[in-house]
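Asker: Chain residues, written in single-letter form:
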Amino acid sequence: AQSVAQPEDQVNVAEGNPLTVKCTYSVSGNPYLFWYVQYPNRGLQFLLKYITGDNLVKGSYGFEAEFNKSQTSFHLKKPSALVSDSALYFCAVRKPYSSASKIIFGSGTRLSIRP
Amino acid sequence: ETGVTQSPTHLIKTRGQQVTLRCSSQSGHNTVSWYQQALGQGPQFIFQYYREEENGRGNFPPRFSGLQFPNYSSELNVNALELDDSALYLCASSLMGGSAEAFFGQGTRLTVV
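These protein sequence lines are chains A and B, in that order.
To convert, take the position in the first sequence, counting from 1, and add 741; that gives my numbering.
To convert, take the position in the second sequence, counting from 1, and add 1; that gives my numbering.
Here chain A stands alone, though its shape is the one from the complex:
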């Protein structure tokens, strides 16, 4: 069965420090990988995606993610956290070559940046 795991319900980081939000997946083949962010009472905003190529993907708001095929991981990173980064982050996967573009989401990680 396809699944996405975000092992940490919450990550707490001091402003200015680097942050990492972890994600592992279990999907056959070479899936497409995504990160979305959700602010309170809002929908999901696209941050970045990995399709193929360079394992380090750069996205919006200074975020980047590192794809590791052998570990089936796609961790979200940022070199220097901002208080405004505090939100709920979702890792997601989609099977390639599928006519139905179903996205499978993880359970989410709440990122809290303290001043």
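Derived by calculation from the structure, the hints in this document are not laboratory data.
Any given hint could be a false lead.
[Said to hold, decoys possible] Now the in silico label distances, taken between C-beta atoms and shown as ranges:
| id | chain 1 | residue 1 | chain 2 | residue 2 | range |
| --- | --- | --- | --- | --- | --- |
| 1 | A | Gln812 | B | Arg64 | 36 to 42 angstroms |
| 2 | B | Gln18 | A | Asn796 | 20 to 26 angstroms |
| 3 | A | Glu807 | B | Ser100 | 29 to 35 angstroms |
| 4 | B | Ser74 | A | Ser853 | 35 to 41 angstroms |
| 5 | A | Ser853 | B | Ser28 | 33 to 39 angstroms |
| 6 | B | Ser28 | A | Asn796 | 42 to 48 angstroms |
| 7 | B | Gly17 | A | Gln743 | 29 to 35 angstroms |
| 8 | A | Arg851 | B | Phe70 | 35 to 41 angstroms |
| 9 | A | Glu807 | B | Pro71 | 39 to 45 angstroms |
| 10 | A | Ser825 | B | Arg64 | 38 to 44 angstroms |
| 11 | B | Arg58 | A | Pro781 | 27 to 33 angstroms |
| 12 | B | Thr15 | A | Arg783 | 47 to 53 angstroms |
| 13 | B | Pro71 | A | Asn753 | 47 to 53 angstroms |
From a predicted model like this one, the values you see are computed outputs, not experimental measurements.
We put the CB at the ideal spot given by N, CA and C, even for glycine.
Using the hints, position chain B against chain A.
Answerer: Just chain B, lined up with the frame of chain A:
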């Protein structure tokens, strides 16, 4: 802003009633998907529409149904509402193709009492 708009933003229904949620897709997008996000959980795929046809469905019962119109706007209909249907319902539009990211609306918060 993503260009995907949903209405209404909130509504309260009684168990057993029927509800219709609406979504206007981002211009140029031909695919719309609906997701249910229960409190404290990630979004769950309900179904997807492409060119007005259902093109994939998640583990949701038939009382969840949908429509996509020629202008690519969409509706989600839920019959015989149950208390567990209380959730945030998200509409996402995209281009057909697995590599295309989906753009989400702000959601409709449905409360069933």
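Asker: Next, verify each hint and record whether it holds.
Answerer: Cross-check of the supplied hints:
Between Gln812 (chain A) and Arg64 (chain B) the beta carbons are some 41 angstroms apart, a value that agrees with the proposed interval 36 to 42 angstroms. For Gln18 (chain B) and Asn796 (chain A), the Cβ-Cβ distance of about 50 angstroms falls outside the hinted range of 20 to 26 angstroms, so the restraint is violated. Between Glu807 (chain A) and Ser100 (chain B) the CB atoms are about 19 angstroms apart, so this pair departs from the stated range of 29 to 35 angstroms. Under the hint 35 to 41 angstroms, the C-beta atoms of Ser74 (chain B) and Ser853 (chain A), about 37 angstroms apart, fit the expected range.
Between Ser853 (chain A) and Ser28 (chain B) the C-beta distance comes to about 36 angstroms, which sits within the given range of 33 to 39 angstroms. In this structure the hint that Ser28 (chain B) and Asn796 (chain A) lie 42 to 48 angstroms apart at CB is violated, the actual value being about 33 angstroms. Distance hint check for Gly17 (chain B) and Gln743 (chain A): the Cβ-Cβ separation is about 34 angstroms, which falls inside the suggested range of 29 to 35 angstroms. Against the hinted window of 35 to 41 angstroms, the Cβ-Cβ separation of Arg851 (chain A) and Phe70 (chain B) comes to about 37 angstroms, which satisfies the hint.
Distance hint check: the CB atoms of Glu807 (chain A) and Pro71 (chain B) are about 42 angstroms apart, consistent with the given range 39 to 45 angstroms. About 40 angstroms separates the C-beta atoms of Ser825 (chain A) and Arg64 (chain B), a value consistent with the hinted range of 38 to 44 angstroms. A hinted range of 27 to 33 angstroms for the beta carbons of Arg58 (chain B) and Pro781 (chain A) is consistent with their spacing of about 30 angstroms. The hinted window of 47 to 53 angstroms between Thr15 (chain B) and Arg783 (chain A) is violated, with their beta carbons roughly 27 angstroms apart.
The beta-carbon spacing between Pro71 (chain B) and Asn753 (chain A), approximately 49 angstroms, falls within the hinted interval of 47 to 53 angstroms.
In summary, the numbered hints that this structure violates are 2, 3, 6, 12.
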